[in-house]
Amino acid sequence: MSKNDKYEHVGLLAAILSLISFYSLVFHNFKVQNTTSLGWVWLISGILTQMCWAIYAYANNILPSQILSPLMIIGFLSLTFLKVKLESNILPGSTNKHNPPQHKTSGEFVN
1 MSKNDKYEHV
11 GLLAAILSLI
21 SFYSLVFHNF
31 KVQNTTSLGW
41 VWLISGILTQ
51 MCWAIYAYAN
61 NILPSQILSP
71 LMIIGFLSLT
81 FLKVKLESNI
91 LPGSTNKHNP
101 PQHKTSGEFV
111 N
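Position 60 of the sequence shown, counted from 1, bears residue number 60 in full-length UniProt numbering, the numbering being contiguous throughout.
Honestly, the hints are just simulated from the structure, not real lab data.
Accuracy of the hints is not assured; some may be wrong.
As the list claims (entries may be wrong) - Here are the in silico distance ranges between beta carbons for each label pair:
id, residue 1, residue 2, range
1, Val84, Asn60, 29 to 39 Å
2, Asp5, Cys52, 35 to 45 Å
3, Ile44, Ile67, 16 to 26 Å
4, Val10, Asn89, 38 to 48 Å
5, Gln33, Leu63, 29 to 39 Å
6, Pro70, Phe27, 42 to 52 Å
7, Glu8, Val32, 35 to 45 Å
8, Asn34, Asp5, 42 to 52 Å
Stated by the list, open to error - Think about it this way: if two alpha-carbon atoms lie no more than 25 Å apart in a straight line, the pair counts; the simulated SDA-like pairs of lysine to any residue are:
id, residue 1, residue 2
9, Lys83, Val32
10, Lys31, Tyr58
11, Lys6, Trp53
12, Lys83, Ser45
13, Lys85, Ile16
14, Lys83, Leu71
15, Lys6, Ala59
16, Lys83, Val26
17, Lys85, Pro70
18, Lys83, Ala59
19, Lys85, Phe22
20, Lys85, Asn34
21, Lys31, Leu19
22, Lys83, Val10
23, Lys85, Leu71
24, Lys31, Leu43
25, Lys6, Tyr58
26, Lys85, His28
27, Lys85, Leu38
28, Lys31, Ile16
29, Lys83, Leu25
30, Lys31, Trp42
31, Lys31, Phe81
For glycine and all other residues, C-beta sits at the position ideal for the given N, C-alpha and C.
With the hints as extra help, turn the sequences into a complete structure.
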């Protein structure tokens, strides 16, 4: 057992706490159906960051990051899907609650 192996449980604990913290945000956003506070830069950079951590973890056989990164990517992708669903008309069932369509005023001619 190398010196670093005996501290692996600290990394696993950090991974578990990170997942609890992050997934509480994911579940909250799904519950309230509101993603306006989630920026596109944050979502995309989060996905790219976790992909880099996953590559690094597998290349260096770092178990906590091998567990954490794929689960974080799933969470980021879930939030991205929810954001697209709620804020655009791209997906079926999209309501675009945050940017409702503009209605014509009474003074405009409507066919």
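Tested hints:
1. Taken as a hint, the range 29 to 39 Å holds for the pair Val84 and Asn60, whose Cβ atoms sit roughly 34 Å apart.
2. At roughly 24 Å, the beta-carbon separation of Asp5 and Cys52 lies outside the given 35 to 45 Å, and the hint is violated.
3. Checked against the hint of 16 to 26 Å, the pair Ile44 and Ile67 passes, with Cβ atoms roughly 23 Å apart.
4. With their beta carbons about 46 Å apart, Val10 and Asn89 fall inside the hinted range of 38 to 48 Å.
5. A hinted range of 29 to 39 Å for the beta carbons of Gln33 and Leu63 is consistent with their spacing of about 35 Å.
6. Distance hint check for Pro70 and Phe27: the Cβ-Cβ separation is about 18 Å, which falls outside the suggested range of 42 to 52 Å.
7. Checked against the given bound of 35 to 45 Å, the beta carbons of Glu8 and Val32, roughly 37 Å apart, stay inside it.
8. Taking 42 to 52 Å as the suggested C-beta distance range, the pair Asn34 and Asp5 conforms, at roughly 43 Å.
9. The suggested pairing of Lys83 with Val32 holds, with an alpha-carbon distance near 12 Å, which does not exceed 25 Å.
10. Restraint check for Lys31 and Tyr58: the C-alpha separation of about 33 Å exceeds 25 Å, so the hint is violated.
11. With a C-alpha separation of about 21 Å, the suggested pairing of Lys6 with Trp53 holds against the 25 Å cut-off.
12. A C-alpha spacing of about 15 Å is found between Lys83 and Ser45, which places the hinted pair at or below 25 Å, so the restraint holds.
13. This hinted pair does not check out: Lys85 and Ile16 have alpha carbons roughly 29 Å apart, beyond 25 Å.
14. Distance hint between Lys83 and Leu71 is fulfilled; the C-alpha atoms sit about 18 Å from each other, no more than 25 Å.
15. Simply put, Lys6 and Ala59 have alpha-carbon atoms about 20 Å apart, close enough for the 25 Å limit, and the pair holds.
16. Restraint check for Lys83 and Val26: satisfied, since their Cα atoms lie roughly 11 Å apart, inside the 25 Å limit.
17. Distance restraint check for Lys85 and Pro70: the Cα-Cα separation of roughly 22 Å lies within the 25 Å cut-off, and the hinted pair is therefore satisfied.
18. The straight-line distance between the Cα atoms of Lys83 and Ala59 is roughly 32 Å, outside the 25 Å bound, and the hint therefore fails.
19. Note on Lys85 and Phe22: the hinted pairing holds, with a Cα-Cα distance of about 20 Å set against a maximum of 25 Å.
20. With a CA separation close to 10 Å, the supplied pair Lys85 and Asn34 stays within the 25 Å bound.
21. Between Lys31 and Leu19 the CA atoms are separated by roughly 18 Å; this keeps the pair inside 25 Å, and the hint holds.
22. For the proposed pair Lys83 and Val10, the alpha carbon gap of about 34 Å is over 25 Å, so the pair is violated.
23. The suggested pairing of Lys85 with Leu71 holds, with an alpha-carbon distance near 21 Å, which does not exceed 25 Å.
24. Under the criterion of a C-alpha separation no larger than 25 Å, the hint pairing Lys31 with Leu43 is consistent with the structure, at around 18 Å.
25. Restraint check for Lys6 and Tyr58: satisfied, since their Cα atoms lie roughly 19 Å apart, inside the 25 Å limit.
26. For the hint pairing Lys85 with His28, the CA-to-CA distance comes to about 16 Å; that is within 25 Å, so the pair holds.
27. A distance of roughly 13 Å separates the Cα atoms of Lys85 and Leu38; the hinted pair therefore holds under the 25 Å criterion.
28. The hinted pair formed by Lys31 and Ile16 meets the criterion: a straight-line CA distance of about 22 Å does not exceed 25 Å.
29. For the given pair, Lys83 sits about 13 Å from Leu25 by alpha-carbon distance, which is consistent with the 25 Å threshold.
30. Taking the CA atoms of Lys31 and Trp42, the gap is about 20 Å. The hint holds against a cut of 25 Å.
31. At roughly 14 Å between alpha-carbon atoms, Lys31 and Phe81 fall within 25 Å of each other, so this suggested pair holds.
Hints 2, 6, 10, 13, 18, 22 from the list above are not met by this structure, while the remaining hints are.
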